[in-house]
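Visitor: Produce the entire structure from the sequences given, and follow the hints as far as they go.
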Amino acid sequence: MKDKPEKLIVKGKRLDGRKMDELRPIKIEVGVLKRADGSCYMELGENKVMAAVYGPREVHPRHLQEATKAIIRYRYNMASFSVEERKRPGPDRRSVEISKVSRDAIEPVIIKECFPKAAVDIFVEVLQADAGTRTAGINAASVALADAGIPMKGLVSSCAVGKIDGQIVLDPMKEEDNYGEADMPIAMVMPDKITLLQMDGCFTQDEFKQAFELAKKGCEQIYEMQRQALIEKYGVEGK
Amino acid sequence: MKDKPEKLIVKGKRLDGRKMDELRPIKIEVGVLKRADGSCYMELGENKVMAAVYGPREVHPRHLQEATKAIIRYRYNMASFSVEERKRPGPDRRSVEISKVSRDAIEPVIIKECFPKAAVDIFVEVLQADAGTRTAGINAASVALADAGIPMKGLVSSCAVGKIDGQIVLDPMKEEDNYGEADMPIAMVMPDKITLLQMDGCFTQDEFKQAFELAKKGCEQIYEMQRQALIEKYGVEGK
Amino acid sequence: MKDKPEKLIVKGKRLDGRKMDELRPIKIEVGVLKRADGSCYMELGENKVMAAVYGPREVHPRHLQEATKAIIRYRYNMASFSVEERKRPGPDRRSVEISKVSRDAIEPVIIKECFPKAAVDIFVEVLQADAGTRTAGINAASVALADAGIPMKGLVSSCAVGKIDGQIVLDPMKEEDNYGEADMPIAMVMPDKITLLQMDGCFTQDEFKQAFELAKKGCEQIYEMQRQALIEKYGVEGK
Amino acid sequence: MNESIVAEIRKDYMYDLAKKGERVDGRAFDQYRDISIEPGIVSRAEGSARVQIGNTQVLVGVKIQPGEPFPDTPNEGVIITNAELVPLASPTFEAGPPKEDAIELARVVDRGIRESGALDLAKLCIEEGAKVWMVFIDVHVLDHDGNLIDAAALGAIAALLNAKLPNERYEMGKDAQLPVADLPVAITVAEIGGKLLLDPSLEEEQITPAKLTIIFNKDGSISGMQKSGTGMLTSEQIYQAIEMASKKAKEIRKKFLE
Amino acid sequence: MNESIVAEIRKDYMYDLAKKGERVDGRAFDQYRDISIEPGIVSRAEGSARVQIGNTQVLVGVKIQPGEPFPDTPNEGVIITNAELVPLASPTFEAGPPKEDAIELARVVDRGIRESGALDLAKLCIEEGAKVWMVFIDVHVLDHDGNLIDAAALGAIAALLNAKLPNERYEMGKDAQLPVADLPVAITVAEIGGKLLLDPSLEEEQITPAKLTIIFNKDGSISGMQKSGTGMLTSEQIYQAIEMASKKAKEIRKKFLE
Amino acid sequence: MNESIVAEIRKDYMYDLAKKGERVDGRAFDQYRDISIEPGIVSRAEGSARVQIGNTQVLVGVKIQPGEPFPDTPNEGVIITNAELVPLASPTFEAGPPKEDAIELARVVDRGIRESGALDLAKLCIEEGAKVWMVFIDVHVLDHDGNLIDAAALGAIAALLNAKLPNERYEMGKDAQLPVADLPVAITVAEIGGKLLLDPSLEEEQITPAKLTIIFNKDGSISGMQKSGTGMLTSEQIYQAIEMASKKAKEIRKKFLE
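Residue numbers (our numbering), protein chains in the order written: chain C, 1 to 239; chain V, 1 to 239; chain E, 1 to 239; chain A, 1 to 258; chain B, 1 to 258; chain S, 1 to 258.
You may find that some hints are simply not true.
Unchecked claim - With a straight-line Cα cutoff of 20 Å, these simulated PhoX-like cross-link-like pairs (lysine-lysine) come out: (1) K195/B <-> K193/E; (2) K247/B <-> K209/E; (3) K11/B <-> K69/E; (4) K69/V <-> K99/S; (5) K209/V <-> K247/S; (6) K100/E <-> K218/B; (7) K193/E <-> K174/E; (8) K164/A <-> K87/V; (9) K195/A <-> K193/C; (10) K100/C <-> K99/A; (11) K99/S <-> K193/V; (12) K209/E <-> K11/B; (13) K99/S <-> K100/V; (14) K87/C <-> K247/B; (15) K247/A <-> K209/C.
Just so you know, the hints here were simulated from the structure itself, not pulled from any lab data. Computed from a predicted structure; not experimentally measured.
Guide: Laid out in structure tokens, this is it:
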């Protein structure tokens, strides 16, 4: 790991030249995999994630079935080459937790009653990581669900805010995350339904408010890009 | 680990002041957990164990069911902080063996025919260990079964004997176990049915006899305390 | 591991005195285990393997069953003391691959339609290893299947060829395998059906041809010995 | 089937109660069940505490031993937090490696301790780059009647307050108090029928669509948050949750930790 | 049941086609689907390549870091190859530790690299007996539409060609190209109805009784073979397979690797 | 269902026999099936022995290599005992990590060797605190027809008697005999219908409510006991079991080990 830079904000700009409230460049591609029922590739700065949706499909083993609605499963996984130090393949505690909170973030919009006894499986593979993989994954998963034609109440849009050199910034990248003072990923369904909220670090209650409002603005921008990607593919939003 | 003391018996007394045939102080509390169907907390000297019983309840997966009687499962587990060197969580070979012999010790008294196709699950958690956890666990499990209202032919009472400085002693504590020459835990159903018998170390056949008879006396004393604890809780023994 | 010998072929002879196209001594015993439905013990030079067959028998879990034919399972396993450095018990990647290709080698001759919904289980235990354990295992498994009375289209016979000091040799032993330039195990059903073919090392296409033809000759010799062992046991081939 | 009908009726009843400002066990929305903390219950551990919140019962043990620092923090001690949801504690817990609930519990507790600066990690360095104190925080749930996170977090900080650095055992001088620098308190808020309530019981947890745990430092700042459950919260609910929780955190800290 | 009848009819149809010299997607027997290779797609990895063969899509990442040599090869670098058949790539893949298909895939790719001498392992020694370069080749399958072995093997050599020794990161001078000494190409031949064809699609793989993968070095020699599937091949088929594959290997090497 | 009726009838028959002083295979209560021991059967291992008791067949291999001592016994060698109940040996054995039966078997064999002082661990120290001999005793069951413990224990001591310290391989002088200091013999007694019998066959094991294994040293003292099975034994039965077993242990030791 590189040494901590002296300052993370220089002359009002962040190390990568961004303003405080600026997202990294985003690229969203819909329907990029053949085998999956729905898929989405997303780049968020240096993050590269692939999401696939399979379902509705049968549930094995049977005792996991629910009589009146679909079960939702979510697996977040990092490729071993996606980070600087090679990661051992397979789930670790971090990825298990991220899978859970991501499912909690996505599940609220899925109209599960459409598919009793079935499963909808969401798989997110992180191909390259640079802080923000869980939010990128949720964004991609949300688009992949739409691509798969799963009925939803809305798209889930997700981004993080951080605190660096005492200032609140949108969408922190790796170095800002490593050396920053706080990190808070959220996910939102328009106009104001929060489905993910995690925080670690240190916010005064005022800072929290400022950060939270900024994060919601970020989600709104991402929502527009998700919508645009779906329109490009399907002509209309969400199929 | 502390160094071995020069002698384990000084002037006819053991290091903790006990006589050769004296048990450590015992505390038994019945029905201490809300969720379990039956429970018992037991202290045996510095040992602290908690036992819980769930059942009769359904068996999953089904192929484990027995058509005419309940299956009995027993899980002995040590909390990672229960011993001097932190223990990695989860079962190891020792705890798997103890779970098996403890089940073999408890199962004979359960009237399994009362609950065909069902399971009775016994869980023992060692919260603090000081030699004698398996016997304490069996004693607590036996009381927890009574607390759960599981029909039994009798209570199982268990204690160990050891050989230290060439003498047979009842209920060895940690230091006596570490530096002693033999250790033999037994379990008994009154008046003379042995359900657990393990030994390691070295006994002549005469020493074995002396030790075995002393262990049975210990079980009798423990039986009285188990009975007392149940009477205090229920007015009558075993509900 | 010993150092590499200067030459693996001295005066036209291999280190163990064999000619280029000579198999190691082979011993085959049929029906050596009581519990298994069929069994075979085989020595191939210093290799000692035991094969057992169980089946046709019920398949658990059920979803593995096939409606119209038996499933074939094959487990190749090395005893921890079978190699110079003690091997940790349990499957590793090598043994998983060998189990798969061995099953692919054996399955073609089994008339699976005879036993719908059932399983035929083949277990190979390597008790002592000296290069060639997979081929010895396949040979033993094939005989054990016959011993178990499983209907087959033919016996599978297997042996390897290698390249040492630039020459093609039949049935390489450990030192030849370690220091040789190529190794190629095959399995064959008479007269010319190849069911296993693996190769690593380096063969020109001409060398491959020479090696492949030699390996087939080796299989023919082994086939005769397998047949002989079954005739000795049953009077007629394959029961 | 009947079971699920009963459950449905019970759920409707609890929602109706919530709308009337009531809870099924008679508590006020901002009221905890009785809390008790017994530190030092496991003498084998360097620190320990048993926490009860109503019938929920959690035992936290702290083991401390020397070990190697992580390469990127050569002069800091190491915190390792683990939670075991042993099958003794609930009919729904199963034996085996920690599943997602246990992992989430451990990680939220861990972040509460770590991000709050509760432990001064620099003071846990014995020899830079070579030897530091490893602090194992093990959460052992004994009886699960809801709100495990608050109980476990409270147990963790209480066990740390109770803990000693075992210098004598490793021949490094006298045992010393563990350097505890802050007193984080985790408060979980549950949403039921649009209303927010503290310290959800198991029965309430089973019907709540969303919970939010907020961890507060002594100075009132926030050092951790975790939303869980497959429901949604409005911004207003989140601000309200922080307000409710902030007050309660102060109360609990004062009463039990200071 | 209907599903399996449809499958049976489809299978018969494909066999009939094969006898007429045709394939279900219109390709010639010796024709690959479109191949594309994008090297350097993962900047976090020391080397990487995405390979597509038709709809099959495989990402190979190469990570390189210093480590200890094996005791019996004290002056050689170490290659470790792993393949993950993640459930994102196919409805039939399951999460969990690699199963036999993933292990076979990884081991065939590994032997292709190792036995061909593609990497000059002696040049990967940093300090004899103490420190060598560990080269991790990780095959990550993204979309499985058949012929994973050829795609993965192609990805592996392309990622190695793309890889740098990260000397700077470990303060050992400037980054350098990885010493690639040969360019092995794996070609898989499938047997259907007595006919041999290259690059089987998933649909073809599902009905083929036997496949044979052959790995060729630059000089046309063979550095690896693996038969898979529960069918049998005649000697003649094997010789014919080698001939077909040998030609195609040269073509692919020339077009994509040289 | 019929199967279990047959089993029930068979069980009654065996109980009736027992009352008449007979066994289903015609043996006397204190009679073993034929025992054979072949030492040195695995030349790759430092020591080995195949033991057959009737159709029960167990192979024990001993591997010896240098390693680090445990911190609390810095000048003693290390014994590690493992048992594999591979599915080749019985239709009821399954592949996978050792289950409780295999673990119990390994641990009883281990204690028999360890507590009897069969190995002089102090003589297995190479360099105090740094290097000692690790003795791996691996029990590989080949055919399970009952009484695995006695067979495995006999195989263990026979394999140790057969074992050499591989000094040459590690350049520490000449190979030497392993220092075997005692000859423990394990005898298992089964209770059927109130009667006690030795060397239960598989069929007898399936109906016996309780077994007791007793391990004897050369001098007749007891170095290990293990009751197993969900039945109960009276004190008198235990004393009687020890008497029967003690005699038989002497016989077997004399015939096969001395």
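Visitor: Next step is simple, just say for each hint if it's right about the structure.
Guide: Do the hints match the structure? See the list:
no., hint, in the structure
1, K195/B <-> K193/E, "holds, 15 Å"
2, K247/B <-> K209/E, "holds, 17 Å"
3, K11/B <-> K69/E, "holds, 18 Å"
4, K69/V <-> K99/S, "violated, 23 Å"
5, K209/V <-> K247/S, "holds, 17 Å"
6, K100/E <-> K218/B, "violated, 30 Å"
7, K193/E <-> K174/E, "violated, 27 Å"
8, K164/A <-> K87/V, "holds, 19 Å"
9, K195/A <-> K193/C, "holds, 15 Å"
10, K100/C <-> K99/A, "holds, 10 Å"
11, K99/S <-> K193/V, "violated, 28 Å"
12, K209/E <-> K11/B, "violated, 33 Å"
13, K99/S <-> K100/V, "holds, 10 Å"
14, K87/C <-> K247/B, "violated, 38 Å"
15, K247/A <-> K209/C, "holds, 17 Å"
In summary, the numbered hints that this structure violates are 4, 6, 7, 11, 12, 14.
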